[in-house]
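Participant: Since the structure of chain A is already known, use the hints to place chain B with the ligand on it.
Those protein sequences? They're chains A and B, same order as listed. When we follow this note's numbering, the leftmost residue of the first sequence carries the number 1, and every step to the right adds one. When we follow this note's numbering, the leftmost residue of the second sequence carries the number 1, and every step to the right adds one.
Calculated from the structure, these hints are not laboratory results. Glycine residues also receive a C-beta, built at the ideal position from the N, C-alpha and C atoms.
Computed, partial: chain B to chain A, Cβ under 10 Å: (1) S55; (2) C107; (3) S129; (4) S239; (5) S257; (6) L261; (7) S264; (8) G319; (9) G321.
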Amino acid sequence: MDRPLTSLKGWYIDLEKREARPGELPDDVSRAFLGGRGIGSWFLGACPTADPLAHDAPLVFATGQLTGSRIPASGRTAISAFSPLTNTICSCSVGGRLAIEMRKAGADFIHITGRAETELVMTIDNSGVTFEEAHLAADLPLSEVFASLARQGGSTAAIGPGAKAGCRYASIMVDGTYASGRGGLGLVMASRNLRALNVMGTSRLTSVDRAGEEAARTDIIRLFDASPAIMGRSGLKNFGTATLVDLMASRRMMPTANFRRTYFEGYRAFSAPTLARHGRVTHHACHGCPIACKKRTDTSLPEFETLSHFGALNENNDLASIIEANRLCNEAGIDTITAASTIACLAEIRQTRYTGAALVEKVKEIVTGKGDGELLRLGSALMARELGVPELSMSVKSLELPAYDPRGAYGMALAYGTSTRGACHLRAYPIAHEILRKPVATDRFSFSGKARIIKIAEDLNSVVDSIGACKFAFLGASLEEYAKGFSAVTGLELDTQDLLRIGDTISSLERHINTLRGFTRADDMLPQRFYTEAGTNGPGIEIPPIDRAAFEEALDRYYRIRGCNPDGTLTEIRTRGIALCATR
Amino acid sequence: MRNQVEKYLNKLLAHGLIDAREDCALYGLDDEISTNLDRVPGEVERLFEILSISSLVHARPGRDLWRIITALCDESLLLITPRDSESLTFIHDIPVVDTFDPDQIACALNRRKGCIVRDSGIVTLGSVSVEQAFIVLSSICFACFVKYFSDILNTICEFSPEIRPEHAHFEQALELLDGFRPPSGINDLPARIPDTEEGIVHAMDITGKLMVSRRLVDSFFGNISCLKGDDLYISQTGSSLDELPGYIDRVPLDGSSTCDLTSSSELMAHLRIYELTGHRLIIHGHPKFSVIMSMFGGELPFGQRRSVGGIPVVSGEVGAGRRGLMHTLPEALVEGHAAIVSGHGTFLSDAASFSNAFERLSAIEHRCYETYFETLRKNGIEVP
Ligand code: SF4
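One chain only, chain A, in its complex shape:
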């Protein structure tokens, strides 16, 4: 059966009743919110103050309209819910084959509410939705969960022992190693008693304008080829995200010792060239992606953030322990960034270091709950608060900072503050211009112009997450080429600026939802350390503390540009506009 790439059909699932109701989103909703993260945020906007683990708060899997087309790097799924770690709205972009299987099964979105009485595995294919008892031990490693559920040609999203044990930063894993990592969405899935989701589809997806689709594809591939960050000698294609290790060290912005320093002498122990010698490296891709940035040997190799945080952040130069810590997190289904950062935080509180075997032991404790496990499962913000030293959690809105020190890139600093899911590098990804010089370089030690840059980039990335595309593609191509592809695939005449306006609606709606959940300007500030302590200087590089007044001025400018009051809430007129969109 052929289906056009434009319509957004899906399923409303009530797990309590084991009911599945098919649904189609009205055209004006898909036009206003596209798909993916946009649709997730739209659904969550219907119950903005719900408790993350309340059974009527939706957990949404949603694809974008580019998925299934020949537009490169467009096979991502957005998973959205309220975060049990941060209490913010939260959406994660995840790879693997989930998005394409959902599209082919006619399930562009899956809206899940209710709690099953017994733990279930849900299967969706072209004939509908079925539920089965899971019958899986709570501590079964995810590799075994995937092995027992694998269906030929299908895709599986599952939670692991981390979520089953109540870890607040449990992830949802897809097809073995693709993580929907941040914010604890795995715990949301566990709270519904849903162990796994299997999807397999057979429809053929057809674009409206094949020639236009092909032309956009050619333009995009040419730009990938021209991008050193993607196809260069040290680009993502060859080394994956691990390639960033050397650069972050050389720029003196590698968070070290729970962000007390910004340079780790032992970084070469886990740099990309070292990893490349670790074994025969194979390259893996999300569906339809020529970049194939995922690297494996006999085990999945850690991403940059994981390497840096289990490495430098914990002052650990033992590669084997980093790889093992990563493997344990993947098997348990827990977020590596928060896990590593929480361990580093505990180490600072106790004035010790957890390196090598001791680091691996701490990760095991998170998984088993033994030793410090119960404490570490809280995430650094709640843990540090419970231990009476909240200032030692390096988080914004309770989400731990990833491996780009904000003192080394001021756009990144601002973006950590304004991101709607807490300290996230991907909501605006200023590393692209502040470090990787794409589309052009900006001064990383200046706030000049950054408020608008961050606002536009947030809107852009809202679009990227809502059409099913991957952010790394934008280190080569731009929205100009993707907009052309989007129009050709869907027949919707949306140009760059139309898409950015939609991105603005999505980003602003998310900010508004957070406001309704009690978040204020104070929650957009960085941990005190970044305003008072210097980083580590290097040859010709000085890393002073961030000038708090300059940060606040940039935040003020950002608010004005976003249409917010000085307290970070949307102005009344913006609120009305957003409410109008959200109540479609």
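Facilitator: Chain B with the ligand only, in chain A's frame:
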């Protein structure tokens, strides 16, 4: 922001893209608009309202350049499609609108980063900085120049005088050509590679500056590299050849570091050239007549060669893709140590002398300029 506005206004002047400061308005927006004008025109305020952008440049190119652009607009009506490969890759095509009407301009800039406004010049935008708008503007000028003189040459050569279409611009083109003669002069670049890192950076810096001032490259295109021991020094991606200090990567040849993530997109081609030639420095520019003459004779199939003025011309796209120039260019440099990538630019390698490499880059451009004239003459056009 105000500094950026001033900096790129000066660059537009220095690069000969505009004749006078009054011919250009630059705007950078954070929460307020910075500009070189006394006040922001209402139309521009409106554009900033409609478009989600951070910078805008509205410039009337220098007199002769503008004559070229308006001639192209007359022919192309709504859209100009560049011929050279860099422009096709990065700006795709150039919309043309009639007047400086915000809605018309927004309509064009909704899908492209720049457009030509028939009654007033070129408008370009950036989402990150004023530099972006400057780069797009400069790229549009380059694309139009190359297309204009290529089209003229192709039309003249394709048709014998009897059946040649009435072409309104032949005379104008011949008249303009003289003004675009590549500049000459002596160079005092180093004849040997300096021993220290500082010395190498300085040599690359003055070479880059000279390439820009002699119009052998627009500042943000092109690249330079130099080998010293086990390290390669290479300009960063998107760096301006007239502002290199601070923007040169030191890349260990043994691949022990991935810091070359920010290096020029031609890094792999440079490495291969060094491997094949044993040379120690490479310069790459986009001299306009070299680019124009490299395209003469039609599209060059991937893997094939031709020559212009004795210099090999190869095909190949930017970067490291399957059809990337790294697969075709290095072999072409082995013999003569110079080659042109069709529709893209010229690469030179040398064993030790920046001065030599520069001199040959300049000489090839002069030769291509002369070849342009000769080709016209051969086809029955009277040229001075
Ligand atoms: S670049 Fe990497 S993360 Fe992005 S789609 Fe491709 S394989 Fe997946």
